[in-house]
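Following the hints, position chain B against chain A.
Protein chains: 2
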Amino acid sequence: MFTNTAAFKRLEAQKPIDLSVELTAERIESMVLKGVGFDLYYATERVSSDILDDLYALADESHALEKMRRMQAGEVLNRIEGCESENRAVLHTAMRDQFSDRQTAAPAVEAAEKAALELKKLERFLEKHEGKFTDLIQIGIGGSDLGPRALCIALQAFWRPGCRVHFISNVDPDDASSVLNAVDLKKTLVVVVSKSGTTLETLTNEEFVRVRIKKMGLDPKEHFVAVTGEKSPMDDPSRYLASFYIWDFVGGRYSATSMVGAISLGFCLGFHGFKEILRGAHAMDLHALTASARVNLPLLSALLGIWNRNFLRLRTVAVIPYSQALLRFPAHLQQLDMESNGKHIDKSGRLCQFSTGPVIWGEPGTNGQHSFYQLIHQGTDVVPVEFMGFKKSQHPYDYEIQNTTSQEKLLSNLFAQSIALAVGQKNDNPNKQFIGNRPSRILMAERLDPFTLGALLAYYEHKVAFQGFIWNINSFDQEGVQLGKMLATKILFHFSAKRTKGKAEPFPLAEAYLKMLDL
Amino acid sequence: MFTNTAAFKRLEAQKPIDLSVELTAERIESMVLKGVGFDLYYATERVSSDILDDLYALADESHALEKMRRMQAGEVLNRIEGCESENRAVLHTAMRDQFSDRQTAAPAVEAAEKAALELKKLERFLEKHEGKFTDLIQIGIGGSDLGPRALCIALQAFWRPGCRVHFISNVDPDDASSVLNAVDLKKTLVVVVSKSGTTLETLTNEEFVRVRIKKMGLDPKEHFVAVTGEKSPMDDPSRYLASFYIWDFVGGRYSATSMVGAISLGFCLGFHGFKEILRGAHAMDLHALTASARVNLPLLSALLGIWNRNFLRLRTVAVIPYSQALLRFPAHLQQLDMESNGKHIDKSGRLCQFSTGPVIWGEPGTNGQHSFYQLIHQGTDVVPVEFMGFKKSQHPYDYEIQNTTSQEKLLSNLFAQSIALAVGQKNDNPNKQFIGNRPSRILMAERLDPFTLGALLAYYEHKVAFQGFIWNINSFDQEGVQLGKMLATKILFHFSAKRTKGKAEPFPLAEAYLKMLDL
Chain A
1 MFTNTAAFKR
11 LEAQKPIDLS
21 VELTAERIES
31 MVLKGVGFDL
41 YYATERVSSD
51 ILDDLYALAD
61 ESHALEKMRR
71 MQAGEVLNRI
81 EGCESENRAV
91 LHTAMRDQFS
101 DRQTAAPAVE
111 AAEKAALELK
121 KLERFLEKHE
131 GKFTDLIQIG
141 IGGSDLGPRA
151 LCIALQAFWR
161 PGCRVHFISN
171 VDPDDASSVL
181 NAVDLKKTLV
191 VVVSKSGTTL
201 ETLTNEEFVR
211 VRIKKMGLDP
221 KEHFVAVTGE
231 KSPMDDPSRY
241 LASFYIWDFV
251 GGRYSATSMV
261 GAISLGFCLG
271 FHGFKEILRG
281 AHAMDLHALT
291 ASARVNLPLL
301 SALLGIWNRN
311 FLRLRTVAVI
321 PYSQALLRFP
331 AHLQQLDMES
341 NGKHIDKSGR
351 LCQFSTGPVI
361 WGEPGTNGQH
371 SFYQLIHQGT
381 DVVPVEFMGF
391 KKSQHPYDYE
401 IQNTTSQEKL
411 LSNLFAQSIA
421 LAVGQKNDNP
431 NKQFIGNRPS
441 RILMAERLDP
451 FTLGALLAYY
461 EHKVAFQGFI
471 WNINSFDQEG
481 VQLGKMLATK
491 ILFHFSAKRT
501 KGKAEPFPLA
511 EAYLKMLDL
Chain B
1 MFTNTAAFKR
11 LEAQKPIDLS
21 VELTAERIES
31 MVLKGVGFDL
41 YYATERVSSD
51 ILDDLYALAD
61 ESHALEKMRR
71 MQAGEVLNRI
81 EGCESENRAV
91 LHTAMRDQFS
101 DRQTAAPAVE
111 AAEKAALELK
121 KLERFLEKHE
131 GKFTDLIQIG
141 IGGSDLGPRA
151 LCIALQAFWR
161 PGCRVHFISN
171 VDPDDASSVL
181 NAVDLKKTLV
191 VVVSKSGTTL
201 ETLTNEEFVR
211 VRIKKMGLDP
221 KEHFVAVTGE
231 KSPMDDPSRY
241 LASFYIWDFV
251 GGRYSATSMV
261 GAISLGFCLG
271 FHGFKEILRG
281 AHAMDLHALT
291 ASARVNLPLL
301 SALLGIWNRN
311 FLRLRTVAVI
321 PYSQALLRFP
331 AHLQQLDMES
341 NGKHIDKSGR
351 LCQFSTGPVI
361 WGEPGTNGQH
371 SFYQLIHQGT
381 DVVPVEFMGF
391 KKSQHPYDYE
401 IQNTTSQEKL
411 LSNLFAQSIA
421 LAVGQKNDNP
431 NKQFIGNRPS
441 RILMAERLDP
451 FTLGALLAYY
461 EHKVAFQGFI
471 WNINSFDQEG
481 VQLGKMLATK
491 ILFHFSAKRT
501 KGKAEPFPLA
511 EAYLKMLDL
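Protein sequences appear in the order of chains A and B.
Start counting the first sequence at 1; every next residue gets the next number (our numbering).
Start counting the second sequence at 1; every next residue gets the next number (our numbering).
Derived from the structure by calculation, the hints contain no laboratory data.
Among the hints, erroneous ones may be present.
Since the list can't tell identical chains apart, any single copy or any two copies may satisfy a pair.
[Said to hold, decoys possible] With a cut-off of at most 16 Å between alpha-carbon atoms, the simulated EDC-like pairs for lysine to aspartate or glutamate come out as follows: (1) K515 with E29; (2) K187 with E130; (3) K432 with E86; (4) K392 with D518; (5) K34 with D518; (6) K426 with D18; (7) K391 with D518; (8) K15 with D53; (9) K114 with D248; (10) K9 with D50.
Pulled out of the complex, with its shape left as it was, chain A reads as follows:
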């Protein structure tokens, strides 16, 4: 178990450095890790070289790199030993293993070949229907929504003229209504995404849109595309213009580079734009796989996170992109990280005696500076921050105002925040005092383009996976979402029973709510 490793015990005895005293220009220049076009600046984390040694030893003792190798080779990692559980390979990396330096292990090769077939299908589909649709609505929830949505929004600067993408996710009927108000269904392609073909929210919203399409006298079969498991109830050529496949070795929250994200991203960016995302993700996959521990970007990020979580005992992580385009990226990271590592048992089914995944939250900077940064600087809890920044803007427009461009103002604020959090400020006025010594790191890249975004996505996927490997938990299942789903179904029977004059199984707690609300 994680807490029994020698490195864990040594780390418990380590004293974190005091950034308000120890942050120097030399430290900043010496604590940089470069790879795949990124610079990770981590001088503003509370680690010494001794602590880093122990963290790398922890990675070593927990065989983190070996597990990454096994994951990308397609070994069955999604399981809990000794009890009934999922029992699957974890092969989202195969979705982008379409370039050089390919995996050679059979399961990974097979998965990459399946993915290649779907990519080919998609390329032909986009060619065939070129110019036919101006709008695309993706219907999906969770991983079938958050990742693709975050990526599409992040790359809006690269959308092809006249192409727009929309998303419907929530079972709230107002979600579908407001999207339907914004499009001309005659020229709209609807992509429905559900691996099982049975997700309640998604099927409900699909039907919601089908009703509207039929009312307009249109043929749904000419407008609906399915992204689903082969032979699922949705894999039905009589109802869909086309079916694209996904498999149980790609988890929802890791599926943005599968067909789950491919149709919408291919539609708005063009097929080659989507391929660039894959190329970037693949470059990061290879880096995570082949870079040795000391120069492995997502591994270092994972270790710094473990230091903050398990030794500084911090409860949340703020992810703050200094890029408005990444507006919805934190919502994706929330799912990716919290659904993967918000676990209370380890891979042997034992209760964890340590903290696993933290709460992940965030909004873009500079916006956040005028909002929740008050608490980050002067609140009673310490919040470690993962900043993201880019040297150049996406759009070509920028102006000098007071002798600096907007992009320069953005970057000045990013660096200023990291320094301010670390060094703080002494002042006789207690309200102008900043204790400082608050950890953060900065991940920098040149420009947020499709390649870089693909690499950024994979960086976080592998950071999360490495943390799970080190904690020895299963980052690839999600049993914790089942209970609520089951109870919701029971309550739904109370609503349907009223209509069908049937009888629902008694559920006194829920009935109390329904009665009071007169439902």
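Okay, now just chain B, sitting in the frame of chain A:
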């Protein structure tokens, strides 16, 4: 000090109830507080009637209701005793004190009269320019963005046909570029919001848009409106079609019902729609002011929050609206709560020996269920949840699928989650075990219309204020944002010095970053 009260000491000795054992239908039906069209269900919080007694005693000892009375009467509450600080009244309630049961104290009356004048000006302005503009862009950041944006999005179902509202906030040039791509500037009204008239991000973005407007051969004076302090640099009729005023007794994060939100909301909803928001907020103001402690909605919510924060020692609060329209409401609450109560000194300038404001985060349900709920159900940290729900949808469209409507599915999920978190589930398979006993509450209303949204906004404003009153901290300043701003300005000089061949003050830490990035 908060920790010296008798009630605090009693509460420290209290044992929280075990929801997994004690939640019953009777408990659910007995723990409901009603007011202003809302039902607050709090049976799923870990409180007994004994604990509630002590919490109300805490409110009493800290004179919470008395301080609310003093706030709404316009006494100077925004200050720290014994050191240089802001020194102001806190009168956002005066913005909506435009109906019955008005305040009689002079400062409150004066503020309400000032607000009435601006409302009158706005009504005339909207009449005069009716039909002239199809789009409105609001440029502002922090409180001049998050509140108005959250409210506009929440009420999109009520927008007048042909009217659209957009927001530019981030100094990231891509924010302005992407909004400008979406509008026809010839028919666009631009509302620039900055109380001081000097906010860097806002002035930069204003200039960004002005450059574009001039390039199109349009006259900026016919398109730009200022919302600012009287006599600020922006209060300039030679540059703006109109100026609307705000005052230092309305803090940014409390300003959505002032002219900061009024122009955009009045534009998209019509003046009377905006007045309904004010009417709802005013109804909640009166409730917070006049309802006795035991039946005061925001006070109860504040006390439950303090129980979770200071006695159960929980570090974050998830705010989860089961309403897609409230998509951006959590971002507003993040600012409202974290900037108000993320403080480390009390009103006498002493370091707080207890936890103040928690991290506030959230996304709409049911979306979150397919994302971060894994951690909420089975993670190693407990996250208290504030659910919001509505009996009816906003749009008139809903369909029965499998004998239930989408709205019924939405509500079933809401109730199911609250129950699941509380009672958990025993199972021999450790991965299917839910420990339960995780606190939540549900705030229900009939339908998210302008009145209800105004009341909801004020409910949270007063919850935050009550918590600040009880902790005896100043919820109305934001000294914690100053240090980062100051350092950013220093770094900016390094950029401008390159252009002007000037010399910037040395700043080795920042220079290390700039050098490495070759900036």
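Do the hints match the structure? See the list:
1. K515 with E29: Between copies, since 9 Å is at most 16 Å while 64 Å is not.
2. K187 with E130: Within one copy only: 12 Å inside, 32 Å across.
3. K432 with E86: between (53 Å within a copy, 12 Å between copies)
4. K392 with D518: The answer is between: 12 Å across copies meets 16 Å, while 56 Å in one copy does not.
5. K34 with D518: between (60 Å within a copy, 15 Å between copies)
6. K426 with D18: Classified as within; 15 Å inside a copy, 44 Å across copies.
7. K391 with D518: between (56 Å within a copy, 10 Å between copies)
8. K15 with D53: within (14 Å within a copy, 43 Å between copies)
9. K114 with D248: Intra 12 Å, inter 62 Å, cutoff 16 Å: intra-copy only.
10. K9 with D50: Answer is within: at 14 Å inside a copy they meet the 16 Å cutoff, but 43 Å across does not.
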